[in-house]
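Asker: One letter stands for each residue in the lines below.
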Amino acid sequence: MGSTPADLERDSEFDQGRDELAELRALLLGQQLVELEALRKRLDDPQVRAEELSQILGKAVALSFKRNRDLQRAFNPVVEQALKISIANNPSILATSLAPIIGDAVRKAVANALRGMVESINFTLERSLSWESIKWRFEALRTGKSFGDIVLLRSLRYKVQQVILIHAETGSVLQHLKQQTNAPGEGIPEAELASSMLTALQDYARDISQRPSQDLQEIEMDDCVYWVHHGPQALLLGQIAGAPPPELRHVFARENELIHREFAGALASFSGDASAFEGARPHLQHCLLGQTTAQPQKPSRWWLAVVSAVLIAILALGFFIYRRNSRWNHYLARLRSEPGIVVTGAEKHWRHFEIAGLRDPLAADPVKLAADFGIEPERVQGHFEPYQSLDQRFTLEREFDSEKQQLDQMMIMFPVNSSAILPEQAVRLDNLEAHLDKLQQAAGALGREIHLNIYGRADQTGAESKNAALSRERAERVLGALRERGVAPELISVVGLGTTEPIRRGSEAYQLEVNRSVALKVESQPQGDRP
Amino acid sequence: MIQKKICMLGSAGVGKTSLVARFVQGIFSAKYLSTVGVKIDKKNLTVDDQEVLLLLWDLAGEDSRSQVQTSYLRGAAGYFLVCDGTWAESLVTAKSIHQRAIETVGDVPFMLVVNKSDLWNRWEITAPELEKLVADGWKVQVTSAKSGDGVEEMFTKLTQDMLRERPISDAEAEA
Chain L
324 MGSTPADLER
334 DSEFDQGRDE
344 LAELRALLLG
354 QQLVELEALR
364 KRLDDPQVRA
374 EELSQILGKA
384 VALSFKRNRD
394 LQRAFNPVVE
404 QALKISIANN
414 PSILATSLAP
424 IIGDAVRKAV
434 ANALRGMVES
444 INFTLERSLS
454 WESIKWRFEA
464 LRTGKSFGDI
474 VLLRSLRYKV
484 QQVILIHAET
494 GSVLQHLKQQ
504 TNAPGEGIPE
514 AELASSMLTA
524 LQDYARDISQ
534 RPSQDLQEIE
544 MDDCVYWVHH
554 GPQALLLGQI
564 AGAPPPELRH
574 VFARENELIH
584 REFAGALASF
594 SGDASAFEGA
604 RPHLQHCLLG
614 QTTAQPQKPS
624 RWWLAVVSAV
634 LIAILALGFF
644 IYRRNSRWNH
654 YLARLRSEPG
664 IVVTGAEKHW
674 RHFEIAGLRD
684 PLAADPVKLA
694 ADFGIEPERV
704 QGHFEPYQSL
714 DQRFTLEREF
724 DSEKQQLDQM
734 MIMFPVNSSA
744 ILPEQAVRLD
754 NLEAHLDKLQ
764 QAAGALGREI
774 HLNIYGRADQ
784 TGAESKNAAL
794 SRERAERVLG
804 ALRERGVAPE
814 LISVVGLGTT
824 EPIRRGSEAY
834 QLEVNRSVAL
844 KVESQPQGDR
854 P
Chain E
80 MIQKKICMLG
90 SAGVGKTSLV
100 ARFVQGIFSA
110 KYLSTVGVKI
120 DKKNLTVDDQ
130 EVLLLLWDLA
140 GEDSRSQVQT
150 SYLRGAAGYF
160 LVCDGTWAES
170 LVTAKSIHQR
180 AIETVGDVPF
190 MLVVNKSDLW
200 NRWEITAPEL
210 EKLVADGWKV
220 QVTSAKSGDG
230 VEEMFTKLTQ
240 DMLRERPISD
250 AEAEA
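So the sequences go chain by chain: L and E.
Each residue of the first sequence is one higher than the one before, starting from 324 at the first, in my numbering.
Each residue of the second sequence is one higher than the one before, starting from 80 at the first, in my numbering.
Careful, some of the hints might be misleading.
To be verified - Straight line, CA to CA, 20 angstroms or less: simulated EDC-like cross-link-like pairs of lysine to aspartate or glutamate: (1) L:K789 <-> L:E836; (2) E:K218 <-> E:D240; (3) E:K122 <-> E:D240; (4) E:K236 <-> E:E182; (5) L:K382 <-> E:E130; (6) L:K389 <-> E:D228; (7) L:K389 <-> E:E244; (8) L:K844 <-> L:E722; (9) L:K382 <-> E:E182; (10) L:K761 <-> L:E846; (11) L:K382 <-> E:E244; (12) E:K121 <-> L:D596; (13) E:K122 <-> L:D596; (14) L:K382 <-> E:D142; (15) L:K389 <-> E:D186; (16) E:K121 <-> L:E492.
Read the hints as simulated data drawn from the structure, not as lab findings.
Please take these sequences and the hints and turn them into a complete structure.
Answerer: In structure tokens:
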């Protein structure tokens with residue numbers, strides 16, 4: 324398309340105008356234009372932008388974090404995805420990085436568990452056979468609670484006086500609860516300082532032991548002990564009086580873990596304001612154990628008195644039962660060894676005794692024997708059947724009695740007004756001598772001495788003075804006849820009774836005849852008793 | 080009530096413990112400082128209508144034989160770098176401690192405290208030196224533990240800074 328001269332002229336004017344404008348722009352904005360150009364280059368060139376961004380990115384992220392959490396939220400999926408990819412590509416990188424932390428954490432967890440277990444075993448062994456533990460086990464069975472819970476509830480040996488929740492990093496008090504008043508801020512004077520000092524001591528202990536992962540678990544004082552449970556972000560410090568059971572550690576651990584779960588956000592962003600931890604009080608309250616039982620209780624005097632009385636009663640009863648049994652046993656032994664007594668049954672009752680058996684009539688009275696052993700005879704019921712014991716003593720006794728009886732019944736008869744021994748009476752005398760001999764032998768074996776009294780009598784006819792002489796004469800005749808038969812005269816006494824003690828009274832012939840006689844009477848006594 | 084942990088850092092003998100003693104009625108004996116390396120005191124303060132409980136960790140001073148135990152700095156919301164105006168070397172030490180403190184607690188409020196203003200005629204630290212630090216963004220407070228000058232101010236000012244620095248809480252973040 325061709326241009327007319329008019330067009331060319333217009334163009335030339337336009338160009339001239341543009342140049343002038345450019346010149347004017349260069350004149351007015353020269354420096355800014357250069358800068359604008361440079362800016363354009365910076366924005367267009369990714370390399371330059373990246374370099375610049377790298378210089379401020381750190382500060383920008385920090386600022387954003389201070390302002391709000393948008394960036395964190397935005398990063399969340401990116402970081403998660405990046406971790407996933409990293410693990411998928413090469414798991415060993417992450418594993419190597421985590422190994423030192425995981426190893427340490429696992430070691431700590433295992434050590435804690437073992438420590439708790441060892442303490443538990445020791446404690447269980449200590450009390451497994453005690454009366455208390457049996458009582459607690461029974462209570463656990465009865466109430467359906469676990470044995471551990473009952474131990475915590477009933478252990479009078481400790482009392483958690485106060486619990487402090489401490490921020491691990493700053494040592495600040497997050498929450499504080501003490502026994503009785505439950506008011507915060509009381510109890511350990513200067514709880515804030517104490518908790519700060521604890522964290523300082525913890526740091527110090529780690530420094531001097533050169534073990535940065537070691538935790539201060541326990542501080543022991545004379546009258547109390549401080550237990551510390553370490554969570555990742557908070558410590559639970561308990562001041563405990565007495566000897567706490569290991570179960571308490573589990574309670575501290577459980578509550579601290581719950582606090583970490585419930586207050587994870589508040590713990591992570593803690594900057595000095597503890598009001599967010601008001602809700603942790605119930606957890607601390609759970610750690611204040613032993614509050615129902617208060618101080619390690621001393622048994623009350625009343626209780627002590629009752630226990631003493633019961634003990635004394637039991638001891639006394641035991642003593643009496645022992646003494647009663649012992650007396651009874653001795654008594655039975657004596658009865659069993661007693662000649663002429665055979666015990667076939669013995670029974671002990673609450674208030675009386677019963678014995679059954681056989682008894683020789685000559686044997687001692689078993690019921691009366693009881694008195695020798697401190698047993699009241701009226702409490703003994705004896706059921707004894709009579710029998711003849713073959714014991715030598717009893718056979719001798721029986722022989723002695725029999726001979727004595729024979730002699731006592733023997734009479735030597737005399738004719739009227741005479742002291743002559745008739746021949747048939749001489750046979751009697753022989754008989755008498757034989758009996759006397761046997762009696763003497765039996766008496767010797769029994770350790771007795773015998774004495775024979777010979778009583779002469781006369782009938783009531785004739786003068787009394789003559790009768791007295793005659794009766795004496797008759798007795799002496801018998802004495803003489805016995806002497807002749809070898810009987811020692813010192814064993815025998817003679818008495819003339821005359822008619823003073825007639826065997827029969829009356830004047831009939833048979834009554835008179837029986838009084839013309841000599842009768843015998845044997846006396847015996849233990850050897851040596853004779854005056 | 081807000082609780083804040085503050086550390087006192089600096090060379091041995093610059094007057095850290097005296098500054099704290101000026102400020103609080105302590106209950107712990109100074110024995111702790113030589114044994115455990117730290118003495119802790121507390122002080123209730125009201126700053127900008129906000130009640131604050133300050134936990135003052137007075138760390139054993141640094142000298143040629145021992146360095147500050149930075150583990151005690153953990154969790155600090157702020158710290159003082161204390162130096163002695165009459166002793167130029169103590170400012171060098173304070174700067175060096177500052178570097179190590181940042182590594183432990185990060186970018187938290189701090190303040191340079193130049194003590195012994197009562198001995199101003201013997202000062203070795205010069206005004207231009209301090210002006211340069213102020214220009215770099217440092218807060219500087221001149222004090223005298225002996226007369227008490229500037230002591231209240233140093234604690235109040237750092238507390239104000241710390242309260243301003245308070246990171247957002249979860250509730251605020253969710254809003």
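Asker: Each of the hints needs a verdict: does it hold here or not?
Answerer: Here is what the structure says about each hint:
| no. | hint | verdict |
| --- | --- | --- |
| 1 | L:K789 <-> L:E836 | 17 angstroms, holds |
| 2 | E:K218 <-> E:D240 | 10 angstroms, holds |
| 3 | E:K122 <-> E:D240 | 17 angstroms, holds |
| 4 | E:K236 <-> E:E182 | 23 angstroms, violated |
| 5 | L:K382 <-> E:E130 | 31 angstroms, violated |
| 6 | L:K389 <-> E:D228 | 35 angstroms, violated |
| 7 | L:K389 <-> E:E244 | 9 angstroms, holds |
| 8 | L:K844 <-> L:E722 | 17 angstroms, holds |
| 9 | L:K382 <-> E:E182 | 16 angstroms, holds |
| 10 | L:K761 <-> L:E846 | 15 angstroms, holds |
| 11 | L:K382 <-> E:E244 | 15 angstroms, holds |
| 12 | E:K121 <-> L:D596 | 16 angstroms, holds |
| 13 | E:K122 <-> L:D596 | 16 angstroms, holds |
| 14 | L:K382 <-> E:D142 | 34 angstroms, violated |
| 15 | L:K389 <-> E:D186 | 12 angstroms, holds |
| 16 | E:K121 <-> L:E492 | 17 angstroms, holds |
The structure fails to meet hints 4, 5, 6 and 14 from the earlier list, while all remaining hints are met.
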